[in-house]
Amino acid sequence: MGQYLVRRLLIAIPSLLGISIVLFAVLALAPGDPFEELATNPAIPPEVRAALRTKFGLDDPVPVRYVRWLAAMAQGDWGFSFVSRMNVDTLILQRLPTTLFVIGASQVLALLIAIPVGVYAATRPYSLFDQLANTLAFIGFSLPTFFTGLLLILVFSIYLDWLPFIYRTDISATGWRWYWEHLRQALMPIAVLGLFQAASVTRYVRASVLDVIRLDYVTTARAKGLGERVVITKHVVRNALIPVVTLVALQMPAIFGGAIVTEQIFRIPGIGSLLISSILANDTPVVMAVTFILACLVVLFNLIADIVYGWLDPRITYR
Amino acid sequence: MVGSIPASLTAEAVAARRRRARTFSPWLEAWRRFRRHPLAVVSGAILLAIVLAILLGPWLWGHPINAIDFTARLQSPSWQHPLGTDDLGQDLLARLLYGGRISLAVGLAAMVVAILFGTIIGAVAGISRGWVGSALMWLADLFLSLPQLPLLLLVIYLFRDSLKNAFGPEGGVFILIVIVIGGLRWMPVARLVRAQFLSLREKEFVEAARALGASRTRLVIRHILPNALGPVIVAGTIDVAAAIIAESTLSFLGLGFPPDIPTWGRVLFDAKDYLDIAPHWALFPGAAIFLTVLSINFIGDGLRDALDPRKVM
Chain A
1 MGQYLVRRLL
11 IAIPSLLGIS
21 IVLFAVLALA
31 PGDPFEELAT
41 NPAIPPEVRA
51 ALRTKFGLDD
61 PVPVRYVRWL
71 AAMAQGDWGF
81 SFVSRMNVDT
91 LILQRLPTTL
101 FVIGASQVLA
111 LLIAIPVGVY
121 AATRPYSLFD
131 QLANTLAFIG
141 FSLPTFFTGL
151 LLILVFSIYL
161 DWLPFIYRTD
171 ISATGWRWYW
181 EHLRQALMPI
191 AVLGLFQAAS
201 VTRYVRASVL
211 DVIRLDYVTT
221 ARAKGLGERV
231 VITKHVVRNA
241 LIPVVTLVAL
251 QMPAIFGGAI
261 VTEQIFRIPG
271 IGSLLISSIL
281 ANDTPVVMAV
291 TFILACLVVL
301 FNLIADIVYG
311 WLDPRITYR
Chain B
1 MVGSIPASLT
11 AEAVAARRRR
21 ARTFSPWLEA
31 WRRFRRHPLA
41 VVSGAILLAI
51 VLAILLGPWL
61 WGHPINAIDF
71 TARLQSPSWQ
81 HPLGTDDLGQ
91 DLLARLLYGG
101 RISLAVGLAA
111 MVVAILFGTI
121 IGAVAGISRG
131 WVGSALMWLA
141 DLFLSLPQLP
151 LLLLVIYLFR
161 DSLKNAFGPE
171 GGVFILIVIV
181 IGGLRWMPVA
191 RLVRAQFLSL
201 REKEFVEAAR
211 ALGASRTRLV
221 IRHILPNALG
231 PVIVAGTIDV
241 AAAIIAESTL
251 SFLGLGFPPD
261 IPTWGRVLFD
271 AKDYLDIAPH
281 WALFPGAAIF
291 LTVLSINFIG
301 DGLRDALDPR
311 KVM
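Going line by line, the protein sequences match chains A and B.
Take the first sequence: its position 285, counted from the start at 1, is 285 in the numbering used here, and no numbers get skipped.
Take the second sequence: its position 175, counted from the start at 1, is 175 in the numbering used here, and no numbers get skipped.
Just to be clear, a hint being listed does not mean it is correct.
Quick look at which bits of chain B chain A covers, simulated, 3 or more residues with Cβ under 8 Å [as the list claims (entries may be wrong)]: (1) 152-160; (2) 285-293.
Derived Cβ-Cβ restraints for the label pairs, each shown as a range [stated by the list, open to error]: (3) A:P125 - B:A214: 39 to 45 Å; (4) A:Q3 - B:L116: 38 to 44 Å; (5) B:A214 - A:K224: 55 to 61 Å; (6) A:L10 - B:R101: 47 to 53 Å; (7) A:T219 - B:W31: 36 to 42 Å.
FYI, nobody ran anything at the bench for these hints, they're computed from the structure.
Note that the coordinates shown come from a computational prediction; the quantities given were computed from them, not determined experimentally.
The beta-carbon is built from N, C-alpha and C at its ideal position, and this holds for glycine as well.
Okay, chain A solo, but in the shape it has when bound:
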């Protein structure tokens, strides 16, 4: 297991480097100058701009700039946001917990829906329930998150007036009331992301259970007289869920995409909405840092999935 862990960690490093190269290449290829804003500002003379360019090393060759940028990123020196007037790392650390909370909760919701539905559908393939679940899953991942979000706002905030549709961090209530208010405002974003995720995970679970349920050891378990419930929960599901871990991790980039949209709809102060507002405000350091953070999170979750995979299925670690 230890060796496997080390190997996985070593594999993650080149992909992180690769991602950083792609991001930096995009930035370096882009026309325009990060200090263009300053050029139009009459209060800043051209000499200051030239000095700033030399200070930030913008005239150096690209590989040198890449190494310097990477070193700065690795040390947590992500630059200064010109719009928010604060360091980028403080800004991102303020926003990150909200995003992780919404994503985490929606993942839990997705698994809570997908696993029972997928397993039940797979134990009765081509039954009415299976076909219904399959069709609903298709509908679920064909509905874009921005449309589901608007639909939920329309129904639950405007017609029924049950839930607030703007996410607030400054809730003044205390104690239980505070938790209640938080839950209420987080309900719709979590539902939007969770249902979207649940739709695709359900299909994975179903396919995976169908693969396992035909194996000989399941027949053996039945033959020795175990009840159907025990066979399914103890023998089939535990093995069927192993590949699902990887598939959920592979979905991570899509989940972050969905989170950006959801945060924008419900005005959640997470890093997704920070990304959009920074793009609209031309705040390049924040845009670069947020993109890099999201990429790192994807690699991190893939790594976690690999490790969990090795723990669930010990055969993998010996390969």
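With the hints as your guide, set chain B onto chain A.
Relative to chain A, chain B alone:
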């Protein structure tokens, strides 16, 4: 799911004989199998209707897309405006019909880019032995772990202005969106093509062609590629849907096409602040995106069954 349908030998033999009695055209066979999937056939009809509507609609429905009429602001559907109007009194039906052209064109063009990249890279990786293949697949894995939407936003943020200057506001954004969406979706296609190539290149018919002295290019283009196309077609169908969603998402975030081009996502973006007084404004474009994507996905599902010769039907 091959084994999940209990098919007795005799039933299969009868079916096979009946098949032999008819025709051998693989496309006719695929169509016959496609018809077994009722939802896919219905989806095909719906998609055909949508495509016809957006191709012919702007001629039949004479309303201009940008005629501003302040006396008819935010009207609900009526005979004069079947889908209602927006905050400037512009006719929504006309705007949606026009915007649909853009959305579908982006979807199709991005799919072509993705398939082209994916097939070329997958074919090279599949036919070459040694480090080239593994390097290309490492690249594909790397791209798969990139967060697509943030990267899409980043590229559009950085390159939008210069392309706008080079190709005009519409052309520049169109090219950028198509290339970026297509360029971020080639990986699944490349992996599919490579997997197909790895198994096909060891098959006897390829061996025979090689023994007859066919060059490597001829082997790939005439013998291996046509046999690898089934999964690629399915992936291409799904890619159209994904590209339409990606374009709508960008437009919905206000970072896609300029405001005067009413793509479906853009109309939704404009409509989202009027949900309480004019819900129809958001519902119709959303429903259009949803219906298009859903029917394309169902068609993909039908094609998956139809183009897989090993699947028992």
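These are the hints, each one checked on the structure:
Residues of the region 152-160 of chain B with a Cβ under 8 Å from some Cβ of chain A number 6, which satisfies the need for three, so the listed coverage holds. Here's how the region 285-293 of chain B fares: 4 of its residues keep a CB closer than 8 Å to some CB of chain A, so the rule of at least three is met and the hint holds. Range check, P125 (chain A) to A214 (chain B): Cβ separation about 44 Å, and the 39 to 45 Å hint holds. Checked against the hint of 38 to 44 Å, the pair Q3 (chain A) and L116 (chain B) passes, with Cβ atoms roughly 41 Å apart.
Remark: the range hint 55 to 61 Å for A214 (chain B) to K224 (chain A) is upheld by a beta-carbon distance near 56 Å. The hinted window of 47 to 53 Å between L10 (chain A) and R101 (chain B) holds, with their beta carbons roughly 50 Å apart. Our hint of 36 to 42 Å for T219 (chain A) and W31 (chain B) holds, since their Cβ atoms are close to 38 Å apart.
Figure legend: structure checked against the earlier numbered hints; every hint is met.
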